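In short: position in the sequence shown from 1, add 3, done, that's the numbering used here.
Derived by calculation from the structure, the hints in this document are not laboratory data. Remember, predicted model here, so these are calculated numbers, not experimental data. Every residue, glycine too, gets a C-beta built ideally from N, C-alpha and C. Mixed in with the good hints there might be a few duds.
[To be verified] Below, simulated DSBU-like cross-link-like pairs (lysine-lysine); rule was C-alpha separation at most 35 Å, straight line:
{"#": "1", "residue 1": "K564", "residue 2": "K328"}
{"#": "2", "residue 1": "K531", "residue 2": "K328"}
{"#": "3", "residue 1": "K328", "residue 2": "K83"}
{"#": "4", "residue 1": "K531", "residue 2": "K564"}
[Claimed, not checked] Cβ-Cβ distance ranges computed for the label pairs, FRET-style:
{"#": "5", "residue 1": "G491", "residue 2": "T41", "range": "45 to 53 Å"}
{"#": "6", "residue 1": "A208", "residue 2": "E158", "range": "55 to 63 Å"}
{"#": "7", "residue 1": "T64", "residue 2": "G324", "range": "23 to 31 Å"}
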Amino acid sequence: MSSVLGRRPAPPAAGPRPVPPRRRTRVLALPEARWALTSLVLFLLALPVHLAGGPAWLWGTLFATTYITGGWEPGWEGLKALGDKTLDVDLLMVVAALGAAAIGQVLDGALLIVIFATSGALEAVATARTADSVRGLLDLAPTTATRLLPGGDEESVPADSLRVGDTVLMRPGERIGADGQVTDGMSDVDQATITGEPLPVAKRAGDEVFAGTVNGTGALRVRVERDPSDSVIARIVKMVEEASETKAPTQLFIEKIEQRYSIGMVMATLAVFAVPLAFGDDLSPALLRAMTFMIVASPCAVVLSTMPPLLSAIANAGRRGVLAKSAVVMERLGQVDTVALDKTGTLTEGTLRVTDIRPLPGTGLDETTLLALAAAAEHPSEHPLARAVVDAARERGIRLSDAEDFSSVPGQGVTATVGGHTVQVGSPSRLTGASGGTARALVGELEDAGRTAVAVLQDGTVVGVLAIADRLRPDAAATVAALTELTGRSPVLLTGDNERAARQLAAEVGITDVRAGLLPQDKVAAVKEWEAQGRRTLVVGDGVNDAPALAAAHSGIAMGKAGSDLALETADAVVVRDELATIPAVVRLSRTARRLVMQNLVIAGAFITVLVAWDLIGTLPLPLGVAGHEGSTVIVGLNGLRLLREAAWPRIAKDTV
């Protein structure tokens with residue numbers, strides 16, 4: 004265990020993992036966000052004037068500027084796409100909005116413009132925030148390092164100038180500057196950012212250490228084994244960037260058919276206009292028929308078939324503490340068929356707590372006295388186990404005695420004088436020599452239960468054992484069962500923690516497939532293996548070490564309370580209140596939204612088919628065509644808004660837990 008020696012303040016009891024400082028791009032620094040906001044404000048100003056029958060010049064001017072500010076960018080991108088011989092739905096939406104304005108439906112066209120501008124802005128913000136967090140991850144590695152020279156002198160050098168074979172000195176509390184091997188010294192190293200392990204790991208000569216992890220109270224000499232550009236932290240950055248670039252294109256269902264629909268509609272409109280002219284029809288009726296055709300065939304209702312159900316699902320999930328970052332995310336969550344869960348901070352709370360207090364028979368100590376003795380000795384220490392012991396004593400209202408002559412040995416424990424007695428608290432493997440079979444049996448029992456055993460000695464005699472564990476979330480087992488029912492297969496546990504602890508926890512929650520001791524690249528490899536088999540994987544995690552897998556997976560969800568910046572920005576959705584039960588609920592909500600999308604597409608398709616056939620076979624009056632088009636838009640919009648109801652989420656949540 005490590006002592007507090009004035010080198011760095013003790014972190015909170017929860018023991019949060021080191022995370023990079025925030026480097027957030029301001030939302031309004033993005034041009035997409037500025038144009039979308041301007042368009043929305045103008046629309047909101049024009050709407051009441053229009054509905055109240057105000058001056059046409061006023062609402063007309065406001066709506067016109069709404070079209071310009073919200074539509075010029077997607078329109079320009081659409082024109083550039085035309086230069087590449089492609090026709091995208093953004094340009095079609097702008098044309099449809101202008102067509103609606105041309106026949107007097109200015110409000111409908113403006114609403115369509117605002118929806119598309121806002122959607123583009125949200126996508127730009129999400130992309131910028133992810134890039135911010137990837138850049139910020141590099142701040143985990145220190146900028147300077149102390150390099151030892153052959154003659155024994157020291158020099159401070161930029162960390163990125165270190166080369167393989169250099170030896171660096173890591174003082175207590177410093178962040179390790181390079182991946183390497185310990186050549187001398189002993190210390191506890193907090194490497195949660197890399198492996199996700201909840202406890203610091205004792206390091207001595209021959210052990211590997213990683214850049215960006217935090218040294219404890221001992222001094223270490225480390226021989227650099229990897230170039231800084233190839234460190235584990237640098238590789239995490241690279242993996243996140245590569246996964247984000249190569250991830251399957253994020254498209255809504257309607258966007259997958261936009262090319263065929265767009266080209267077909269344009270060609271059909273031209274044909275409806277040109278063919279009657281070729282057979283001698285007058286220009287005015289031919290133009291009117293073509294305009295009517297464009298309106299009734301325009302994809303406004305089709306687009307609204309997709310967006311309202313997904314946006315309603317996003318809003319409903321947001322009220323329950325799950326933030327999905329886009330409509331695409333909400334659509335994809337319902338497609339998953341494999342779930343991979345992190346352990347520490349995801350299935351568990353990420354907070355170490357004393358679970359058992361076992362005084363040995365014949366010592367004359369009860370639970371309160373044993374805990375008071377251990378907490379007094381541990382009070383000066385900053386080790387996570389020590390904080391758990393001290394917190395347990397405070398929760399019981401125990402007043403701690405003063406500790407004198409405090410000392411700490413990494414990997415072994417602490418020693419202090421409390422009330423005239425020498426008290427040792429630490430690793431059972433180091434401290435149970437005089438305890439006999441009773442203490443060893445007790446330690447074995449606690450460790451078999453997946454807990455960390457801490458021995459307490461008084462004047463050289465073992466007087467008791469404490470058990471400490473990261474508490475399982477109350478809804479973990481129910482969540483695993485619900486996800487198993489939804490996907491048809493049990494979730495997989497992916498963790499950097501040790502095999503024994505991982506399997507013990509997996510058994511408690513009902514997981515059979517356990518992959519432990521994983522580095523970030525190992526988690527990514529597992530996800531890619533499943534994706535290669537055609538599975539659509541949902542990864543749930545919270546740490547920097549989970550970020551590459553979150554980016555590589557079909558969908559990623561981050562736990563919000565203790566989640567690192569990189570995990571929160573890389574994930575597709577965030578569980579703000581850390582309620583695991585919301586994960587299967589939001590997956591089922593997504594599936595419900597997808598069903599409503601399909602219903603809406605059938606409704607919209609039926610209206611379009613009937614109206615188009617009427618226009619081509621007979622003579623569809625323009626007002627009736629507009630009424631039919633707008634009617635279908637209203638119907639699919641209202642159908643999609645059903646998921647806004649409060650009743651939608653409780654019913655889904657009840658079914659999943």
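> Going through the earlier hints one by one, which of them does the structure break, listed in rising order?
Replying inline: Numbers 6, 7 - these are the hints that the structure violates, sorted from lowest upward.
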